[in-house]
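I would like the entire structure built from these sequences, with the hints used as guidance.
Chains as they are written, first to last, in UniProt numbering: chain A, 1 to 766; chain B, 1 to 373.
The hints are simulated quantities; they were obtained by calculation from the structure and are not laboratory data.
Stretch-level coverage of chain B by chain A, calculated; a stretch enters the list once three of its residues show a Cβ under 8 Å from a Cβ in chain A:
hint, region
1, 49-60
2, 73-81
3, 85-96
4, 337-345
In this text the structure is predicted, and so the values were computed from the model without any measurement. Yeah, the Cβ is synthetic: ideal placement off N, Cα and C, and Gly gets one too.
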Amino acid sequence: MNTTDSGRVRVLGVRHHGPGSARAVRTELEDFAPDAVLVEGPSDADPLLSLVGGLEPPVALLAHAPGARGARSGPRRSAFWPFASFSPEWQALLYAHEHGCDVRFCDLPASVSLAVEDGGSDGGAPLARPADPLAELAAAAGYDDAERWWDDTIEHRGRERDHLPNARSAPALAPPSPFAAIAEAMTEVRARTAPGPPPLHEARREAHMRRAVRSALRAGHARIAVVCGAWHVPALLQRPKAAEDAALLRRMPRVAAETTWIPWSHGRLSASSGYGAGVRAPGWYHHLFSAPDRPLERWLSEAARLLRAEGEHVSTAHVIEGVRLCEALAALRGRPLPGLDEAGEAVASVLCEGSALKAERVRAAMETAERLGRVPPSVPKVPLQKDLEAHQRRLRLRPDAEPRDLDLDLREENGRARSALLHRLRMLEVDWGVPVADPVRVLGSFHERWRVAWYPELEAAVVDASVWGSDVASAADARTRDRAAHADLTGLTTLAEHCLKAGLDSALEAVLDRASARAAHASDTAALMDAVPPLARAARYGDVRGTASAPLRRVAAMLLDRVCAGIGPAVTNLSEEAAEEMCGAVEAVHRSAVLIGGASERSWWDALVRLSTRSGVPGLVAGRVHRLLRDGGRLGDGELLRRLSRAASRGSEPQRAAAWIAGFLGGEGQVLVHDEGLLRLVDTWLCALDGESFGAVLPLLRRTFGGFSNGERRAIARKVRTLGVGPRTASPGSEGPEESEASGVDLDRAAGAVATAALLLGREEG
Amino acid sequence: MTPSDTGPTRTGPPADVLRPHAEQRHADELAALARADDRVRPPGWRLSPWAVVTYVLGGELGDGTLVSPKYVGDRRIVEVAVATLATDRALLLVGAPGTAKTWLSEHLAAAVSGDSTLLVQGTAGTSEDAVRYGWDYARLLSEGPSRRALVPGPVMTAMAEGRLARVEELTRIPSEVQDALITVLSEKTLPVPELGEEVQARRGFNLIATANDRDRGVNAPSGALRRRFNTVHMPSPATAEEEVGIVARRVDEMGRSLGLPEVSSGMEEIRRVVTVFRELRRGATEDGRAEVASPGATLSTAEAISVLTQGMALAAHFGDGVLRPADVAAGVHGAVVRDPVSDGVVWREYLETVARDRDGWGEFYRACREVSD
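Take a look at the structure:
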């Protein structure tokens, strides 16, 4: 670089998303006052730079190649350049925007980088580079963690000031610019770890950046600042002939690419979300960048505030001791200042008093510090919007503001596709359509009813949802996985149902995996029981929609097995309300068990048999279990009669007996009318009671029968009248000894009982 | 022991001592570290924090002395513990039984003060006298209250000499006795009202307490006491191999010290028991493929050792001298199922969903089924 140039150009090497770098860039820019700023980013996104003022970070620059979808194997369809408020690049853009200087992206245009295949058809070169060039520098400085080394030497710079009194009013104490040292260090690292010419793609990127610098110089800018990754600094400082760069940049593959701004989130910035250049703790970096002074003290105070909000007693003394521990640890480890590690350990050991669980909660809440960016409506359409429009055209489903009802036939392809689209959008919180309860809803129906209406807010919802992906299917998939990560068991099985309806097969798999993992930890059998029916139902939907439901069945069966193992203690010693809920749950699980079938159904029957003889089971549940066993033909009438008598015998607590009978009859009068065997069973038992027992049972029965409608009671009474004659001729001797005893009925003695029974069952029939 | 002028420098132990103290066992290493240590030592410390960490975790010194690792595990734990002591906050090591809490506290005291013997063993019967001071009653009666009649407790001695005191099993000590430590830790003085005197702690004094967070029926420290400690949680061994190694070594040692007849190596059984314990403890299988529920029991390394030792005894005295699944099944069942209802469900689930289909576990599965049915 010639001398005139060096005075006119400053290259600021940064680490992406490094708050120390961001601070340094800001200070350097204010000092240098450039009239042109070049930032590492796709140069074909330049038109978007005018929108910077309206954005609220974190945002991302999204480039996508609409035509490349599935056309060839390999090319990436989209790429992101995320910017957080603590990203040096963002600070550079912001500076340029505030000072009205010329600002450009200087990296290869997205149309080129999207055309280059990831694996590198240009020689597999990326693999030949050191995985992390900074690791070499860090190792030289005696660090085993490159990120930490960079934190100590660069990111925590400027914090020394915080420990001096009147730091703010003493600008002379501001640290000297780090950029010269970074350039020198990176030159050394590159020479040692990656000698020789860089791989083609990297060479092209750097050639392009140099070309951008040249054209800025030609344009007559007096002071030009270049903000780029530290790795590229040496390449920008040496300036080969323009013709060499031009040769490199010739005949590059290109695709048509479009770029726009989309809202981003801290969660997606963090390295754990799989974003390559991600940072470990965006929340920490955001804090480092935004805290005016004493970041450690503020961080621990914030942690204390969080813990207090959860009802923990955390005093100022805790925070003081936490800060002292951090400083002692940093000194022990030879670090210039305490960092995130020390802060985390102080939170765990002092503020949370050793509770790993609490510490983990604080860590999760603070290190990510979830924050959603915003973009103004004027930004170009995001691919998700375009994809949605394409779907709308293809499925002939126009977004009208006027609400209308939609009846989809799931046997037709168009109906299925429309249903899937609406369900996927709902998953993305774009409630274009809302399912309407079918007036004659049948399980596994072929029809689905929706009310659809398009509101202007939905546009914003689509933009927000574009964080999740560039087309409806992949966005819904990603959103579902994210939800699954935070859902409880019931939530997961409900999600599974939604996945199936929305046709998200791969997300469904993830949700089911998660559900089986959760189920293993569910100590609460009741929660497991709640989780079974949606899955069994979903398996059934799967049949209707023609999708594979085998994995659903498998997980449902696994859940059912766990329910069978734990149901005994779960139904014991319940309050009246809990018993009522449990009764419903047993019923629901039973229906699911029958749907699931196989070995799991058999083990469910076994569990029911075990339950039926278990003591401490509430009457309502026990009665219901007996009824289910009887309906399933698992319990002979003779045995059932014995159990019925025993449950309602005088030795048994009256409330329990009443509940038993209520559970057994299950509030369905119709069944007694249509199931003659059942009616005869009850009748036989009633007739066999002696006077005193009958008197005791009567109120209980009244309570149960009182729940039936008038018509039902009348029908039952009619049935009972014919029963007196019918059974003996229809199936002589099929009943137990009680039957023969009943045949020798003393009509006079029975008259009183009959009259009461008549009263009970409905006066008109008497 | 009296706070005599011999001070912390002790003469070597007699050769036949069953278990020498840490500072006696590793006297050479401590001396070498003190020579090599050129870093700042906190007042009253015999080594710098860096040297203490090196002593505990092991390493090689500049003069070629090899320092053996005393604690195998996460470096951060030791660093936090040492940094805590350096900020003169008391250190509380909590964790499941068998996670080397006592071991670490002994070595820390040996390295920091050169003396690991100022120890209060916490039991339900620990009295305030044991924590603070007692009286020589003969002298008290004949001479009346005087300094000579006072018998200082370990904590008082540590304060007077500026050394580390250790309290083992803090949570077993009755709550009111525990609270006697509050004044010691906050005011750093121990008043002796009978003499109208007080003992003020000298620089270098600090306290390491250990507590078990899994056993029920313990006296949880009061909030006031808790606040005076930094708490470090001691984890179970990180890898299966590490734990199998620890268990195999200890089982072998115990077998020998109990004079059990030689039982042919039960490495397979040891590995299996450790696997069962680890999986139930972690709530997931070792391959990470499936998750399992965790029972209420601790399932510590120490318990695995006792299950296996018991199995060895069974095999030696009643079996064919080979450790077989049937010998450990009852022990494992007893260790896992503490609460017959909830733990029973967990154990049955584990057997059916994990043990049943695992290669080579058939015999173990059947033996456990036999015990649990």
